[in-house]
Amino acid sequence: MNKRQPIILMFLMMLIAVLGLVITACAPPQLRTLTVMTHDSFAISEDLITQFEEEQDITVRFIRSGDTGTALNQAILSKENPLADVFYGVDNAFLTRALEEEIFLPYESPLLLEIPDQFKLDPTFMALPVDYGDVCINYDKGYFEDNNIPVPQSLEALLEPQYEGLLVTENPATSSPGLAFLMATIAQFGEEGYLNYWQALAENGLVVVNDWETAYYTNFSGSSGQGPQPMVVSYGSSPAAEVIFAETELEEAPTASIIGPNTCFRQIEYVGILRGTQNTALAEAFIDFMLSAPFQEDIPMQMFVFPVNENAQLPQAFQENVQIPNEPASLPPEQIDQKRESWIEAWTETVLD
Amino acid sequence: MKTIREFLGRRSKNPTWRAVLFWLVPALFLGFFFYQPLLALFNLLFSKEWGFSLGTLNFSQVWDPLWFTTYQAFLSTLLTLIIGLPSAWLFARFRFPGKRVLRVLTTLPFILPTVVVAAGFNTLLGPRGWINLGLMALFDLSTPPVTFLNTFGAILTAHVFYNTTIIIRVVSNAWSKQNIRLEHAAKVLGASPWRTFREVTLPLLQPHILAGTLLVFLFNFTSFGVVLMLGGPQFATLEVEIYIQALHLLNLPLAAVLSIVQLVYTLTITLLHNSLTSSKNLSITPRAQTLVERRPNKGVERFAVIILVVVLFSLLVSPLASLAARSFVKLEPSRGERGDIERGLTLQFYRELGVNRRGSLFYVPPIAAIRNSFVFALITIFITLILGLLVAYGLRQSSPINHVLDPLLMLPLGASAITLGLGFIIVFNRPPFSNLNFPILLPIAHSLIALPFIVRTLSPALQSIPNSLRNAARALGASPLRIWYEVDLPLLAPSILVSIIFALTISLGEFGASTFLTRPEYPTMPVAIFRYISQPGALNYGQALAMSTLLMLVCASGILLIERLQTAGKDWF
Amino acid sequence: MLTVENIEKTYEGKPLLKKVSFEVHPDETVCLLGPSGSGKSTLLRIIAGLEESEGGRVLWKGEDLTDIPAHQHKFGLMFQDYALFPHRNVAKNIAFGLRMQNAPKEEIQQTVKEALRTIEMTGFADRKVTELSGGEQQRVALARALAPQPRLLMLDEPLGALDRTLREQLSFELRRILHQTRIPAIYVTHDQEEAFSIADRLLLLHDGVILQSGKPADFYHHPKNVWVAKFFGLGNLVEGEVRSRSPLAVNTPFGVFHARCDGNAPQKGEKTSLLFRPNQAHIAGIEDTNTLTGKVIDQVFQGETYRLSIRINYDIPNFIVSLSVPAEIGKMISIGYSTEDILCLQNGKGES
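Those protein sequence lines, which keep their order, are chains A, B and C.
If you read the first sequence in my numbering, its first letter stands for residue 1, the second for the next number, and so on.
If you read the second sequence in my numbering, its first letter stands for residue 1, the second for the next number, and so on.
If you read the third sequence in my numbering, its first letter stands for residue 1, the second for the next number, and so on.
Honestly, the hints are just simulated from the structure, not real lab data.
Incorrect hints may appear among the rest.
What the hints assert, rightly or not - Straight-line Cα separation of at most 20 Å, EDC-like style, residue types lysine to aspartate or glutamate; simulated pairs:
(1) C:K331 - C:D341
(2) B:K48 - A:E310
(3) B:K298 - C:E241
(4) A:K120 - A:E310
(5) B:K330 - A:E252
(6) C:K14 - B:E293
(7) B:K177 - B:E293
Said to hold, decoys possible - Label-pair restraints from in silico Cβ distances:
(8) B:D140 - A:P332: 51 to 61 Å
(9) B:R294 - C:V209: 23 to 33 Å
(10) C:T66 - B:N14: 57 to 67 Å
(11) C:E51 - B:A304: 55 to 65 Å
(12) B:T147 - C:P15: 40 to 50 Å
Stated by the list, open to error - Derived, one-sided and incomplete: chain A residues facing chain B with beta-carbon distance under 10 Å:
(13) Y197
(14) V209
(15) Q278
(16) T350
Backbone N, C-alpha and C fix where the C-beta goes; we use that ideal spot for every residue, glycine too.
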């Protein structure tokens, strides 16, 4: 026995691991495969996709890579040689960019008839709406009740002294909800007024962090972090998630959204067939599947966003705990694409420096 | 046939020829998997199609993050050395209760994904962390007295937290192998303990300290998650800037420019480091008596040891411990009118890990995540050890090509994970290297990052084996392979085990490249953690913490096992 | 000058040194002799202050050194592996001790130059120590230890790592240098020839105690017990039991022998051993009372004498004697010893 023994043993172990992986990797591929490229937040019920696979007699593979920006970059960079047949996950903030890069093929799905016009931002039918979600300010119900403070109902109200230091938001340069909230203020106050608003907000003790995880779990008082701020920029569906993922069963969400005019910004997500696919017919079938009621009804529980199809029923937790704003803020995709960088720069100078 | 052998025989006397032979495979590997995707990406982004011109570049867009990056990296490295060097002394010299556990615990930070570390610091120092809660209860305060998150201090602390283990591992490994007689000789010749340290111990450790410092500096320099999640919006390193430009503003050409700046910087630092250490080539006699660990004896010594252990515990272990503690605790927010909510200990988060609540296709069973993480880690270890040994032998040859190839090897440390990830996408998107058919791409990316560490660990150890030993073995009739097995391998064994720990930890904890390269079929533990923490709900948060605790546990047992092998090997020898 | 008093030390729970005491006088080279693992090096490190003893103390001219740190002992120590500083060249290695005393630069240079001359390595000042041969390293180590003019020099197996020829040559040189410098020295070795050639006085360390001390000749003529006789290879040892005390007669498996004894004779019935030195044997005659008979199995011509191996019986298969006349291999032979030449020894500790 000597010193070498353990090393040789480990080497053998590693060799086995490598061989094992190579063998699995070399397993014969399925005959027909549809590949869907998407972001990390994508989720779907296993039963549902199995059903689709059986109907079409194919295998569906998902490539999930990073957040929305990462996934879109991936699609753009590989457009000469697309990795997939379908791309899901462009939102209205990145829609123009995706269309300009011409990564999609047009497809006018018959199911578009079941979708309200307000979601159909692309008249060329390259990108088809699948779901939408609102970025809203969530508040901690308990805090406002305990302290006898009224819940603010508009963006302007947030400037009142009684709300000093109560709001945490995300940096629009690093966070998608942060950017959405910035755009909500632009929709409300216009390009000439939003900086003054932010200036005032910053003076009223606004807290800015880089990412949603920190804002929600560290700074916000309404969730597990029990942080110092009772208001956070999050999603309209977050209250429902608080019920579904409660540690102890809850009858009612501990948080709610502020749904005044322009306090929420609506994000719509799109799907498209990638140019260069060999499986156009299958890709079209998959898009029809995504727009159909079964998939649309699966969306809320899996991804915590809302179906665009009018015929889709919302699950109970959503019906009870989610308020959908009547007047969500929105901006034209072209304007977002053009101005995004300069807005963020100006915001950074006003709020952070 | 004979002429070929003669040809080879003649060539094998030439150091450059031998260096080329050793470098061949590692260089091909690096070229194919690192330089090819990177160059392809830059080539694409600077092409006409993307309409990039240097004229549109704003100087401060590059200079500001570069300055901040350097500044914070320098400070963080300095602090890491201040904590790490005495700790290396502690681990090399002394025997004290709980040493093995402490050694493993100090290695743990290195593997943890930033999400987890941020959560750990948050549970400890956040506005509702244990410390703030305690202070608020103690002094009856209404606001948390300690502000930690989103400060510059948080960045520095987290960097020290992450990287101290590098200094401890690299330096204490070398320290414990130092010939104790040299210090004795200095003392007997009249050198005071301090002078002995300064004139003998330190100069002999210097190459190792410099090597460790270089690694720590580069790690701090390319820091991403820590700055983003703990530093807050006021602070942006080059890497964070690359992330923002590439993924949020879709300004890929600017991201590419920043990446190149970062690469050039890394190259410069590496070259500087090499010119500082190239002259140092110190042989150790393996039969020399090495340091024997002992109990601290004198009052001052015992005091120093206790202080160090306390510092290490509070800095490196307490965030982990508070994270683990939090994963067993129910801590629902006050629910307003609905009155009392049950608080206390719970195993619910762990139970919930095994439940696919929503029948999701992308549900990750914890065992599968652990298994995948380990399979990838084992492959990473395999690749890096083979390549690392080859490179170490290449570096041993006194050939000018080493001056060129060595810095090129270090570059992957300075490459942004995002840039590399994007490069991988445009190059390896066709079989046989498409990520879909070639799941080994992830461990390859991990190997690229781990390789510089492995080489920095193996190379000094190899250099210190005197040739006389090999000649002795050769004179006794051993074949070259036999010499390697009988002489080199046993002497390299401790360094190989340190390398294995590095490769294991880097692979288990790496998250940047993993985001690009994991496939849904093979989710790893960091990916699973991220999946939980990116959704609202107390259960998700709890599960993320529970999964992180599992990751720590799994890593700790992995490291413990390796260390066991190491000491067992010692006993057998 | 140096007094070592009742030093105690355990190693991994077992006693290594048990109340070791001795002295070193001015101008004296003392050899500390003992088998490997007897604790010689540990004792040196304790004297140097590099290790702490668990009992006893070390004094220099009456001053207790226990609480004085190693670097203020002003002792020199030369290590078995030389412990030359690999990051410094030859001259800087030699200069190290003087620099620690903050000696002026010129003086250091001068001393180094002289030291290099003494060890006959004048041209080596700027050489790397890692490039030196074993013998060269040994001489540099000696020069480094001597350069700061220590009040006591300790040498820990200084020739141990060298080959035989080099060893003989260097041990001679060492003796010259030690006598020339007149620094009291403790020389540690496990090799008795080396010890005999260098020491003014020998200390034999065994089983944690100084078993015997004295001039080299004392060990030869008056070994303290069986273990000492064995260690020095003084001759044939035969076990027996005391039959009568005066005159001393010992019962052995091949007869009764009359012997002499240093100091007090053992008690009747006590186990003891007899030492038969090869060169004090003679062919037995009728007047001999002490005779042994056996078969010659080997014979080696050694110039003036013949060295014979004799098989006495199963227990003593190889009894060595030196005779001035040859014998015939295979023949029986009778060997006689005079009573004066048979030494009765105690079965001291270490008899295993």
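So, going through the hints one by one against the coordinates:
1. C:K331 - C:D341: violated (25 Å)
2. B:K48 - A:E310: violated (45 Å)
3. B:K298 - C:E241: Between K298 of chain B and E241 of chain C the Cα gap is close to 53 Å, so the pair fails against 20 Å, i.e. violated.
4. A:K120 - A:E310: holds (13 Å)
5. B:K330 - A:E252: holds (18 Å)
6. C:K14 - B:E293: holds (18 Å)
7. B:K177 - B:E293: Since the Cα atoms of K177 of chain B and E293 of chain B sit roughly 11 Å apart, the hinted pair holds (cutoff 20 Å).
8. B:D140 - A:P332: 51 to 61 Å: holds (53 Å)
9. B:R294 - C:V209: 23 to 33 Å: holds (26 Å)
10. C:T66 - B:N14: 57 to 67 Å: holds (60 Å)
11. C:E51 - B:A304: 55 to 65 Å: Taking Cβ atoms as reference, E51 of chain C and A304 of chain B lie about 20 Å apart, which means the hint is violated.
12. B:T147 - C:P15: 40 to 50 Å: violated (60 Å)
13. Y197: Violated - the Cβ of Y197 of chain A stays beyond 10 Å from chain B, reaching only about 18 Å at its closest.
14. V209: Nearest chain B Cβ about 6 Å off; hint holds.
15. Q278: Constraint on Q278 of chain A not satisfied, violated at 14 Å.
16. T350: violated (12 Å)
Comparing the model with each earlier hint shows violations of hints 1, 2, 3, 11, 12, 13, 15, 16; every other hint is respected.
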